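Asks: Which chain is which? The protein sequence lines are A and B, in order.
First residue of the first sequence? That's 600 in our numbering, and the numbers climb one at a time after it.
First residue of the second sequence? That's 600 in our numbering, and the numbers climb one at a time after it.
Worth double-checking, as some hints may not be accurate.
Same chains, same names: a pair is fine if it fits in one copy or spans any two.
[To be verified] Result set (SDA-like, lysine to any residue): computed pairs, CA atoms no more than 20 Å apart in a straight line:
1) K882 / A708
2) K882 / Q704
3) K826 / H788
4) K826 / R847
5) K826 / A919
6) K882 / S1084
7) K882 / T764
8) K826 / G899
9) K826 / W724
Think of the hints as simulated: they come from the structure by calculation, not from any bench.
Keep in mind that this is a model prediction, so the values were computed, not measured.
Protein chains: 2
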Amino acid sequence: MNGARALLDTLVASGVEVCFTNPGTSEMHFVAALDQVPEMRGVLTLFEGVATGAADGYGRMAGRPAATLLHLGPGLGNGLANLHNARRARTPIVNIVGDHALSHQRYDAQLQSDIATVARNVSSWIVSSTATDAVAGDAAAAVAAAAGPPGSVATLVLPADVCWTDGASPAPPAAAPGAAAVAADHVEHVAALLRDGGPAAILLGGRAGHGPALDDVARVAAGTGAKLLAETFPARLERGAGRPPVERLSYLGDFAAAQLAGLRHLVLVDAASPVSFFAYPDKPSNLVPEGCEVTVLAAGADDVAGALAALAAAVGAPPAPPRQEPARPARPTGALTADTAAQAIGALLPEHAIVSDEANTSGLFAPVHTAGAPAHDWLTLTGGAIGQGLPVAVGAAIACPDRKVLALQADGSALYTIQALWTMAREDLDVTVVVFNNRSYAVLNMELDRVGGGEPGPVARSMFDLSDPPIDFVTLAAGLGVPASRADTAESFVSHLERALDAPGPRLVEAMVPPIV
Amino acid sequence: MNGARALLDTLVASGVEVCFTNPGTSEMHFVAALDQVPEMRGVLTLFEGVATGAADGYGRMAGRPAATLLHLGPGLGNGLANLHNARRARTPIVNIVGDHALSHQRYDAQLQSDIATVARNVSSWIVSSTATDAVAGDAAAAVAAAAGPPGSVATLVLPADVCWTDGASPAPPAAAPGAAAVAADHVEHVAALLRDGGPAAILLGGRAGHGPALDDVARVAAGTGAKLLAETFPARLERGAGRPPVERLSYLGDFAAAQLAGLRHLVLVDAASPVSFFAYPDKPSNLVPEGCEVTVLAAGADDVAGALAALAAAVGAPPAPPRQEPARPARPTGALTADTAAQAIGALLPEHAIVSDEANTSGLFAPVHTAGAPAHDWLTLTGGAIGQGLPVAVGAAIACPDRKVLALQADGSALYTIQALWTMAREDLDVTVVVFNNRSYAVLNMELDRVGGGEPGPVARSMFDLSDPPIDFVTLAAGLGVPASRADTAESFVSHLERALDAPGPRLVEAMVPPIV
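Kindly generate the complete structure, drawing on both the sequences and the hints.
Replies: Next comes the structure, spelled out in structure tokens:
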């Protein structure tokens, strides 16, 4: 068999069953081999940023990697922003980048570039396969590297002739290193800090945001009186009725400082020490208050869930965590705003929904109004590279076909990867998209003021203005095959959203809202 | 004044008067300063690939750089594909990438990444400004580096605090090195080869594709009997009635081999030695026939125009080049195909039009049917990274506001940077876009066969298929503010295209055509 076939067989044997593709000539043998390996689902995207963002959404929900299939250095470039977000989310992804045939690379043809260099920032592992009889083993190693822990982007560069040459055979799955147990005395040390060290908070991220680990970290907080916080932009946070309530650290440094004020200890659980998202003149970047000691319980290759279970035992935590009471806001009436739209979402969110949140300023009220909605997962923009929300929704819907996906999407950010709508239609994914159309890059109005840019003149203001010409998301969705409707009042938004959530398959609701700032 | 203001003043003083922007928080002081420097035109784009592609189109037509304004590593990633094309086109671009404040970088905040690494492949020059009193000098150096010759992408990384701190002052333009004269004895050597060396061809690219250099290279060919060829994907080729006719080297290796067969000498004028675009099993990558000697007349930092003028004198070339006779095809009737659409374009192309050609397979017939149309410029996909055509049209229209721009655009490629339509509407650019909608990645059907991928199965075929759901470009254009119409017959295409070309401002015509393969 040729290299492409052996590669696909190996990926499937290693548990990779979805490939988000945007192929070109150098990937043709990979594409041809898809017909021989029906266990691999190829999902076509119209733009690489959709492919990489979908792989991120898939990996966050499935807990195992999807593959991508990108076309040389420029295709990787197009996918880089969402790989950056995936790196920050510690999502496992097998990132496959086709390359010119080895025999062709010396000629510096038009598409030639140094793919490894482009991949460097986002990848924990980069290998360019150099022989047909090596490619299957490289693929198995890529899956293991991606799986971690921690999850990461493993980039496999795939020269065309390595794929098309015969003489390959599939490789067995590579042994993953497995998580490293956190030492019992370190757990005991953290337990002592939380019990006796004065005011403390636990900041959770990554693997602590869902499943038994979330229950355990909430038990620890309940048992010690520590404040429980989640990082500002978690990769996946389970929440809603019956799940432990967790407050997220604010994006705004002043608010975050208030959340952390007076702490003597901050314990990090698979989370980074809190820093301001951007720098601002005369504001601190480091959000940890003076006199507060930062201690890492578990991170990286550590067994996060195991450490939390041990910590819960060490502090004598109650057997069950606090649980959020069910509560939904009333269906809103009157003007449609970010606030009333969030009330409608809280009123209607289906049980077990997956929320892909890139609503930015328009999403400010969504967490509070959905806090008591039926249990759901909340996926956020982990790396700040906008254009993530719709692709992540694609991947989450493919990972979890029995769950409704709700994408909360800002208008400006939607336009980076709007092509995701077509893949939702093509694959008939059960995604409801809400686009909050405030006809501006609203966050920048706020940020210009925060960085001390002064009162903006007309030119600066025009750089945040998306009103001329107005962008019509109902029409854009129709052009890409997704049925859509527009809401101008709270009542109409409730009605459109309810119909969209009730319908199987993709729907888009454009919510016309004023900017919140 | 602060660093941002000094930077803008310096760019303007150095001849950079347009900046294609997609800013974020770290670029706010740059944006705020635009109100103080009205000589700099800020052109907002919805996606960084539009900004970088527009800078490419601008630089190709203006002959001097535009600036970009991108947001950290992920913004640069989104712009990378069109910077790759610009690198291959040797287009001068001052590529400005905002970064976190220097004081913030140690904290590894969410958007932090190594920007220089991402920029490496596409940039001839990368500097990260480290001080407010250095940024103006860095900007002047960036303009000089970009200008060349050869033109290139100069990347200036701009930390936010370098911009917002006071104490900067503008810098004068940096001295450009200027082109290096080609030695007279080398010109004489090439003249001797062309006169007496047996069958010869001249392959032109870059700066030899337009202006007096094009006249001179055509005079040399006429005076020596050498065959005159242009590289397959020229950055800018002047053609049409009254300009020298030049045959382009074929994309298909077999056809290119036929064009080069029997040559004893191939003289390169600002062009790379011809290689196959992709590798194919059992086909040569190097297209230079055995026994043919390759000689570079001028390239890189050389004075290409001066070398050609000297060569024309050395070979005793006729005083004027051969000139294309005016000839237009009749307006086509009947079925709308890539061929009849090209006839319509040839029948209607306005004088001095700028054609941005990313029509791919559907554009096969456009060069032949426009050969005798009124004089025009033809801009092509120089680096193979699709998604270039619409952004290049934006930039060309801004560089040349008195000329009609015609973008010939394949459907699949259009969807990488479809956001360009909004900037066309916002800036009221005089661009007519023809989208050839064959509802497939048609080139891949051909390429799968050429790489020996065998008869595609249903899964492989589905990876080239854009018909389910069908993509409606009339609707997409309307959603982004560009009036559009659809043509299904040759007659209706003529009528829609004529109306679009007659109207000022942006228009889109969707041409429903069958795939040519």
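Asks: Each hint needs a verdict: does it hold in this structure or not?
Replies: So, going through the hints one by one against the coordinates:
In this assembly of identical chains, K882 and A708 lie within 20 Å of each other by CA distance solely across copies; the values are 15 Å between and 49 Å within a copy. In this assembly of identical chains, K882 and Q704 lie within 20 Å of each other by CA distance solely across copies; the values are 14 Å between and 49 Å within a copy. Taking CA atoms no more than 20 Å apart as the test, K826 paired with H788 passes inside one copy only; the shortest distance there is 18 Å, against 81 Å between copies. Taking the shortest Cα distances, K826 and R847 sit within 20 Å of each other inside one copy (11 Å), while across copies they are farther apart (70 Å).
Within a single copy, K826 and A919 get their C-alpha atoms as close as 17 Å, which meets the 20 Å cut-off; across copies the closest is 84 Å, which misses it. For the homomeric pair K882 and S1084, neither the shortest alpha-carbon distance inside one copy (43 Å) nor that between copies (53 Å) is at most 20 Å. Proximity of K882 and T764 under a CA criterion of 20 Å is satisfied inter-copy only: 14 Å between copies versus 58 Å inside one chain copy. Within a single copy, K826 and G899 get their C-alpha atoms no closer than 23 Å, and across copies no closer than 63 Å, so neither meets the 20 Å cut-off.
Neither within a single protomer nor between protomers do K826 and W724 lie at most 20 Å apart by alpha-carbon distance, with minima of 36 Å and 49 Å respectively.
Consistency note: the structure conflicts with the earlier hints numbered 6, 8 and 9.
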